Amino acid sequence: MRLSRPARAVLAALTGIILAVIYLPLIVVLINSFSTSTNLTWPPPGLTLEWWVKAFRNEGALNAIATSVQIAIVATLVSLVLGTLISLALQRFAFFGRDAVSLLVILPIALPGIITGIALNNAFRTILGIQLSIATVIIAHATFCIVTVFNNVIARLRRVGMNFEEASADLGAGLWTTFRLVTFPQLRSALFAGGLLAFALSFDEIIVTTFTAGSSVKTLPIWILDNLFRPNQAPIVNVIAVVLVLVSIVPIYVAQRLAGAEKVTR
Amino acid sequence: MLQPESGGPVPAPRDTGARRISVFLSRHPRLRLSLLLSAPLFWLGLVYIVALAALLITALWTVDTFTGTITQTWTLDNIVTVLTGSLYQTVTLRTLGVAVVVTVVDVLVALPIAFYMAKVASTRWQRVLVIAVLMPLWASYLVKAYAWRSVLSSDGIVDWLVAPFGGQTPGYGLPATVITLAYLWLPYVILPIYAGLERVPDSLLEASGDLGGRTGSTLRLVVLPMIWPAIIAGSIFSFSLTLGDYITVNIVGGANQMLGNLVYTNVGAANNLPLAAAIALIPIVIIFGYLAAVRRTGALDNL
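So the protein sequences, as listed, match chains R and B. The UniProt record's numbering puts the first sequence at residues 1 to 266. The UniProt record's numbering puts the second sequence at residues 1 to 303.
Just chain B, same shape as in the assembly (with noise of 0.2 angstroms):
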């Protein structure tokens, strides 16, 4: 048997400088605290909002239309185009149309395939099938993209194998572009409910199918309660990528224009940050008011 060394069953630790300082922070958990958030809390504050709080200021600017630079007059003028402006209208409407139904396609078709890998497959297929949603994460955007645009072309795939059934393909437009975005982001919200639905122990669906649950109120009553965060979860990527996006629509949404586009329109072509930080506030104001909605659902822990 091992003696323990004078002074006690632990030998007392060597008296060095990084001793001190471990001492003196598990005294201070405060000062702990502050050294961890320091770091991140300056990049975050720094790049980030100073970065967001600028350029909102920007849209209470003007452009000067002969000289094309901002002049730093205070006018509401550009949040008030923005607001009663006809075009502006239409496009939010239809860029949150888009947003919507993405994110319920996206939920729909997550909803089975995550239960299945999570409830249903074995150990062995549950990993195949991961790996199976994840790899398409790192096919280029672009390339699944242009790859939708050429599956659903006049030439394309769809129209080669519904043809003999008398269908076509949809085209481009508004469905081609709700197809595409759905099908971009569906990764994102299979995960999240997946991870959801691992948690939800199977002893509790056993319990509550020898307590006489059928299949279809188990699933409401039990199942649907415990994984809906990770619902909300899921659905703030499909819906706030949507929001954003530009290049999607510009690939196979035909002649239609969502947020993202004016936005970058004014950026570039018409050289008019002000007005796009007036446009950019629109997603904004919109995807505050839904992570406040789904604040207390206790979503944003299971991003």
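This is chain R alone, in the form it adopts within the complex (with noise of 0.2 angstroms):
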């Protein structure tokens, strides 16, 4: 199959809609960031960087990013871990109940959110009797991060085949060398690579964080759900998410260039 000129030009086109209806709410984002209307009319009145100046000095914001990185780190690496281990597991052994294994890993993200989280919180409080902290948060975030490390790192395991894992056995290498040079360098990508969803996925969540934060710790969607609907903080949410969605370029920039690099050398 050959796709023709018009074909090739229809799918383009197709594609530019697409991306343009994908940035017209955050072009308003981020129009808005800088509008004098606090709330939000179209088109703006008037344009002040007011906003900006606030945001950087708003100190509720800045601790709630703070809160939320920590958790996401800690539960990223939490499911790096896990994931990994789960994955060798399923891919390299064949035993009975594999199946209802890889459903498991895969149930915390399948069901909704508020499932998960009202079994969580009822778990935390009236069956362990623990108190809601940035521990249970990130214990919650941990069990549905879990997936996407999984995917990347089970896929990557089924490409690479173990030949090169046997030849390093042969010539007389032990589990964790093998493990540490051959093993782990073929992973590295595919570890950053769920490593960053998971953390874009902790950092984001508000169902799950909302049933297990109680009421002292507040993370960035929380805080940004509390104020959301206030008139004066509207706009500076609006210059929060817009400075997040430029800085999340380096990662994925990052994340890409490192698949890339390996597609070249494969």
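What the hints contain is simulated information worked out from the structure, not anything from laboratory work. Misleading hints may appear alongside valid ones.
Okay, the calculated bits of chain B under chain R, using three or more residues with CB under 8 angstroms as the criterion [to be verified]:
#, region
1, 17-26
2, 39-45
3, 53-61
4, 106-117
5, 140-146
6, 276-285
Small disclaimer: the values here were computed from a predicted structure and weren't measured. Ideal placement from N, C-alpha and C gives every residue a C-beta, glycine not left out.
Grab the two chains, each in its own frame, and use the hints to assemble them into the complex.
Written out as structure tokens, the structure is:
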């Protein structure tokens, strides 16, 4: 099949239109972050830098970002370890209950967040009798982040096969040496991509967080929910969203470069 | 040339403790497997399955209307209420309908852009497009939902754009909910379909063309069967994320309620965890049904 010129043009146009729709609300957010109107009327009556100055001085927002980053980092680390272990087990071994284990991994993301949220809330408070805190949020987030790491790592393991590992073992390397020098380098970019998605998932999660955070922990989404409907805070929320999107380009670009570099050398 | 040490071309490894553990583990794959699995299964089993089971058991208990505490007497009342109450039936059908429409819209939108990214764009553009699709994921869910509220409002940009042509914004309601949810989950649907298309070798498409297959039949007979699992994988995201959502419908849905809202009110304002757990059974059953139906396509390996 070779696509004709008109077919390519139609596809390119469709892609352009879809991207335009994807970016329309984001551009509205960007413009509204400079708007003098506090309730986001369109078109903006005037432009100002007031919200940008205020956002960088807003302690509530900055603290919430710090809390969210903290939670996302720890949850990502936990899910990286657990996700790698489980994908090694499922890819390298055939055993009874293998399907059940793979279902178990995707369940926390496949079931609605509100169910995960109330189930964990109920378990923490009434069964285990522990106070909701930043630790309970991390436990909850790590649980549904495992799947993103798992997907990336198991796809990579399937592709690279076991030849290099067997060669390494035949040459006398122990299990740990083989993992450190052979398996891990092969997994590195998959771990980065999976970890990045896990971080993004945790950083933006609101539903499960609502039920596992208690009242003292303010993550960024919770702070946004608290402030979105306040007229003088909504433009500040827009500023923060714009900054997040811009900052996110860096890790996405790095992940792309890592994946791209491997494609060339393969 | 290097002279091998005594004993052969590879020097014999030193006999250390770590070495002995390594050798022992190599000879006992079952032990290796259980070491690999113990931590994740402990985590998922203890944190998740126990919590989920406890919640479902709660559905069989009741709340003392006087004290507001949960009484542990076994009853099917909550389940019966949910199965027979007309409110629950209406809301279930509405939620299911929204989830199906959102999923269909997302797949239809994702297919052309994913195809362009994987098969038409140059390597350089491919990279740019992947970044362009991934970037909106980082703008907060709430900010995007709220942006749609402002875009669709009566003094928003949609009204401003279509008013000269005599159109008007759909306003808040189910259409706005569908638009916003489809928008929110779109990257999650594009990515697996794009990855699936990347795995279709170009040589297959050329072979089909050389054998006389037209573009349409190549897409239908070669490409579609190969990316079907990826499409299903993407649909699991949009379908299950929609099924549990209650925040978007609050922001742009007007007075409409979805299953998530019913669960939320019963946990919060109504303080009736057993009834909330019974309502939660509906999406759980639907999701399990869906997962069971798609299991044989191999989609679960493609998430």
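Status of the hints after comparison with the structure:
1. 17-26: holds (count 6)
2. 39-45: holds (count 6)
3. 53-61: Holds, because 3 residues of the region 53-61 of chain B bring their Cβ atoms closer than 8 angstroms to Cβ atoms of chain R.
4. 106-117: holds (count 6)
5. 140-146: holds (count 6)
6. 276-285: holds (count 5)
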